[in-house]
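Q: Each chain is listed here by its residues.
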Amino acid sequence: METIKLVYPVEGGDLIEAGEASSKMKLTLKKLGLPQDVIRRASICMYEGEINMVIHADGGEAQVEVDSDQITIRMMDSGPGIPNVDQAMQEGFSTADSTARELGFGAGMGLPNMKRYSDEMTIDTVVGTGTTVTVKIKIPQ
Amino acid sequence: MLLSEIKEILNATVLWGEEHLDREVMSACGSDFMSDVLAYVKNQPVLLTGLVNPQVVRTADMVEMCCIIFVRGKVPGENIVKLAEERNIVVMTSPKRMYEACGLLYYNGLRGNCDGND
Numbered sequence: 001m002e003t004i005k006l007v008y009p010v011e012g013g014d015l016i017e018a019g020e021a022s023s024k025m026k027l028t029l030k031k032l033g034l035p036q037d038v039i040r041r042a043s044i045c046m047y048e049g050e051i052n053m054v055i056h057a058d059g060g061e062a063q064v065e066v067d068s069d070q071i072t073i074r075m076m077d078s079g080p081g082i083p084n085v086d087q088a089m090q091e092g093f094s095t096a097d098s099t100a101r102e103l104g105f106g107a108g109m110g111l112p113n114m115k116r117y118s119d120e121m122t123i124d125t126v127v128g129t130g131t132t133v134t135v136k137i138k139i140p141q
Numbered sequence: 001m002l003l004s005e006i007k008e009i010l011n012a013t014v015l016w017g018e019e020h021l022d023r024e025v026m027s028a029c030g031s032d033f034m035s036d037v038l039a040y041v042k043n044q045p046v047l048l049t050g051l052v053n054p055q056v057v058r059t060a061d062m063v064e065m066c067c068i069i070f071v072r073g074k075v076p077g078e079n080i081v082k083l084a085e086e087r088n089i090v091v092m093t094s095p096k097r098m099y100e101a102c103g104l105l106y107y108n109g110l111r112g113n114c115d116g117n118d
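Residue numbers (this note's numbering), protein chains in the order written: chain A, 1 to 141; chain B, 1 to 118.
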């Protein structure tokens, strides 16, 4: 299978409308006929990443690669970066404002959820420059 | 349990999906915290929530839910109902409060499908 590459811009600023990119990706993965559990895990990872990008970085870009054996999702932003990644990975740690909490997010579950549902996760971040969170979800053969 | 039975038990009003009340569901969950729904829900096709915003629908869609019930008599805006319709998710509103709504459904046989580890 040839690698399928998908790119989704993530609009910043409007948390109420966030999630559109994840919905589109989910639809595409369904059309590709991937296993339901793989689609679910990839969609949750991207959705949490998308919410994070809108809350913390005023948007960015999601790049998705679908190979025969795995899905790779790169969430790239030019936001403030993460000063302490270990702290950010702790469930319950959050720097989000009250707007995020009013929508049912912003309680420090985003990155831990992405880790929970992926097979591999890396965070490349530079304070003042931006963050790229990459997750990989394996496709059972 | 059929969605039509849930509607009766909770004295709910269907805001979208009246023609889909013959769907059968085996479990449900209740939460106002969408990150918890994303973290812990698996094979729980019904969401009871007091939170009213589009992210409720998007979250339910991500975890393959087929019905959202807004408790405490909350009525979502047309944009939220439309979003659910596009995703084929039945929307109801019930005057019951969260604790009572969950308790009534559990008492009538709709379990949480939790394995105790989550």
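Honestly, the hints are just simulated from the structure, not real lab data. Take the hints with a grain of salt, since some may be wrong.
Stated by the list, open to error - So the derived list for chain A, only partly shown, Cβ under 7 Å to chain B, looks like this:
no., residue
1, F105
2, M109
3, N113
4, T132
Stated by the list, open to error - Reference listing, derived: stretches of chain A covered by chain B, where coverage requires no fewer than 3 residues with Cβ under 8 Å from a Cβ of chain B:
no., segment
5, 8 to 18
6, 21 to 31
7, 68 to 79
A virtual CB, placed ideally from N, CA and C, is assigned to each residue, including glycine.
Q: Enumerate the violated hints, using their earlier numbering and listing them in ascending order.
A: Violated hints: 4, 7; rest satisfied.
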